[in-house]
Amino acid sequence: MSTFDQDNRPLILEAGRADHQYWIDLWRYRELFFILAWRDVAVRYKQTVIGVVWAFVRPFMTMVVFTVVFGSLAKLPSEGSAPYAVMVFAGLLPWTMFASVLTEASVSVIGSANLISKVYFPRLIVPLSTVMVALIDFLVSLAILAGLMLWYGVVPGWQILLLPVFVALALLAAIGPAIWAASLIVKYRDFRFIIPFVTQIGLYVSPVGFSSKVVPEHWQMLYSINPMVGVIDGFRWCILGGDSPIHWPGFVVSLVVIAVMLVWGAHAFRRSERAFADMI
Amino acid sequence: MSDVAIRAEKLGKKFIIGHRAEEGSVFVDVLSRGFRNALRKGADMLQGRAMVEGDVVEEFWALRDVDFEIRRGEVVSIIGHNGAGKTTLLKILSRITEPTEGRVSIKGRVASLLEIGTGFHPELTGRENVFLNGAILGMTRAEVRRRFDEIVDFSGVERFIDTPVKRYSVGMYARLAFAVAAHLESEVLVIDEVLAVGDAEFQARCLGRMSEVADAGRTVLFVSHNLAAVAALTKRAIVFQSGRVYFDGPIEEAVAHYATSLRKIKNNRNWGKGNSTSLISATLVDAGGMPTDRYEPGTPLRLRLVLETSGLRGMSLELVLRDEHNLPIGFYSTSVFNQVSLPGKPGQYECSLVLEPYWLASGEYCFDLMTGLTNVDTDHRVDNALRFFVERCSPDAIPFNFSQGKGNGALAMRLAGPVEFTELPPAGQEPKPGPG
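Which chain is which? The protein sequence lines are A and B, in order.
Mapping to numbering that gives the first Met the number 0: the first sequence position 94 is 93, numbers consecutive.
Mapping to numbering that gives the first Met the number 0: the second sequence position 385 is 384, numbers consecutive.
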């Protein structure tokens with residue numbers, strides 16, 4: 000849409016031209032990012048009866064089900080002395096955020112077809128702006144966790160101060176595959192059916208309802224290729240402290256996977272976004 | 000050179016489009032077609048190409064070899080019929096899509112309005128949507144806030160500004176949307192068919208606003224089908240036809256060209272055939288024998304026709320010339336006027352006809368062609384077979400352009416001798432006829 004021209008150099012449009020200004024443009028369009036994020040948040044619970052309470056109900060019910068199924072029925076061990084419900088919830092929080100970013104961001108581009116075919120802006124803003132909704136839902140759930148910890152009398156250690164780092168990590172882990180999927184969905188709508196499948200399977204493959212310690216030691220490295228393993232372990236470490244030590248070599252593997260997917264996702268998105276308007 | 004705001008060089012945009020092959024709709028056909036398509040799409044996907052729906056894939060150039068320059072502060076309209084490439088051009092200029100070849104350089108901040116109310120969310124209030132739409136159009140929040148009262152004032156929906164826009168009437172919605180767009184600040188403004196919404200009063204207001212914008216010294220590119228609006232707002236127009244620049248120049252001529260380009264498309268039809276003769280094609284040619292669609296008044300009117308005959312005797316070729324109101328203004332017949340009939344030997348023939356110089360007023364004309372036995376029967380008749388136009392008609396170097404639009408007909412009449420006035424005796428003193 001708006002093209003800024005501060006240094007008075009003409010803007011050149013031609014085929015395959017690498018846009019050196021892209022990341023600067025992204026920064027210039029930050030207001031659009033905030034306003035789209037705000038729009039999603041503002042619209043989310045309009046015309047619902049219990050409104051934002053939904054943000055409490057959904058994760059709470061999932062936690063109850065998982066605690067009963069994995070903790071009471073399957074009798075899987077918790078971490079250290081931590082109550083099973085708290086352990087599940089500490090894993091559910093990052094997972095829910097991850098899954099919701101992955102789901103929302105991957106379809107966000109085709110959902111904004113009317114914007115993309117009518118106005119220019121760095122397209123990356125569209126999937127990125129969906130992060131805000133997930134983040135707000137996350138903060139709501141965090142309040143439930145605090146209540147739960149109070150109920151069970153769990154006191155977090157100094158590690159809780161590192162929680163924002165792992166929140167950011169969970170988001171980054173989601174954004175990489177999400178923007179890759181978003182650019183693929185524009186071309187091939189098949190991926191739209193694959194993403195829900197991934198999040199569904201992922202919920203059971205990732206250590207959400209159980210502790211990652213259940214996985215035998217010699218499989219830990221392989222297991223950590225799922226980036227959410229590192230992130231969820233980190234979350235539990237922050238919340239449960241010494242009861243849930245991180246498997247550091249595995250964590251590094253998760254970190255590398257997150258970084259690789261982020262770079263790959265951004266690259267794939269940037270490469271195909273120029274043709275979005277033609278394909279959408 | 001520094002005052003060129005937009006320069007396009009050899010601009011082209013290609014699309015890949017798919018067609019459905021003409022095949023049976025028997026179950027087996029449908030099944031095998033579906034299977035083949037799935038295979039092709041799979042192959043496309045493996046190679047990272049975009050998928051195309053359809054059985055037959057072909058390239059389509061929406062724009063090709065487009066060159067133009069627009070100076071800073073110029074207000075230019077882009078006209079052309081549907082599918083001529085206007086919107087593709089605007090999309091390239093507003094960075095929504097990339098050209099396939101060629102390049103454009105633009106100086107200054109570009110704001111484009113391909114539609115109004117882009118991104119309006121029905122659940123949000125008018126106020127919220129103003130900010131949302133403003134941000135989408137590239138305004139900063141501070142900018143919107145500064146102009147908010149002006150925007151609301153212009154839209155005339157103050158009372159409902161805190162109501163969700165899904166409760167708005169279509170007119171209110173359009174007014175609010177246009178109001179935001181009308182307050183965009185940018186050096187280059189690109190506008191597509193914005194005036195197609197709202198009632199007459201609102202359209203008049205939009206036009207007023209557009210001309211304000213134009214007068215403020217900004218570069219404006221304006222696409223519209225509304226020729227009256229185009230003519231009122233701009234002095235220069237670029238006419239597109241089939242993805243190419245067909246004409247670039249003063250608005251009055253451009254409008255005439257637009258009309259011709261429209262007819263030309265319509266003329267790409269099958270002429271059919273008669274019982275014993277068929278008219279195949281007709282072209283207007285200039286003095287050098289080259290096909291043209293312009294006639295220079297005062298020069299011989301040259302036609303070249305191609306036809307086929309079975310050799311039937313006594314057939315005549317006839318022409319009717321019509322003006323822009325489709326009224327007949329002239330007739331010619333080979334057998335009536337020249338006692339010539341079509342050749343008696345079967346075959347295809349090219350026929351050259353050179354008509355006298357006429358001083359046709361500027362505007363559009365067309366010929367109807369007929370073959371047949373004069374006054375008895377028509378064998379093959381093609382209406383509007385040949386369209387042409389006259390750009391300027393100024394017989395004897397008169398200082399103005401005599402045009403059909405003046406309402407004085409299609410022919411500038413010229414004298415064969417000088418104008419003479421002979422004084423007559425006053426009426427009362429006329430000698431009375433004597434009795435008997």
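By construction, these hints were calculated from the structure, which means they are not laboratory data.
Mixed in with the good hints there might be a few duds.
[As the list claims (entries may be wrong)] DSS-like mimics (lysine-lysine), calculated; alpha carbons at most 25 angstroms apart, straight line:
hint: 1; chain 1: B; residue 1: LYS234; chain 2: B; residue 2: LYS272
hint: 2; chain 1: A; residue 1: LYS45; chain 2: B; residue 2: LYS165
hint: 3; chain 1: B; residue 1: LYS234; chain 2: B; residue 2: LYS405
hint: 4; chain 1: B; residue 1: LYS344; chain 2: B; residue 2: LYS272
hint: 5; chain 1: B; residue 1: LYS234; chain 2: A; residue 2: LYS186
hint: 6; chain 1: B; residue 1: LYS405; chain 2: A; residue 2: LYS186
hint: 7; chain 1: A; residue 1: LYS186; chain 2: A; residue 2: LYS74
This structure is a prediction, so every number in the text was calculated from the model and none was measured.
Do the hints match the structure? See the list:
1. B:LYS234 <-> B:LYS272: 44 angstroms, violated
2. A:LYS45 <-> B:LYS165: 13 angstroms, holds
3. B:LYS234 <-> B:LYS405: Status holds; Cα separation ~20 angstroms.
4. B:LYS344 <-> B:LYS272: 18 angstroms, holds
5. B:LYS234 <-> A:LYS186: 42 angstroms, violated
6. B:LYS405 <-> A:LYS186: 55 angstroms, violated
7. A:LYS186 <-> A:LYS74: 45 angstroms, violated
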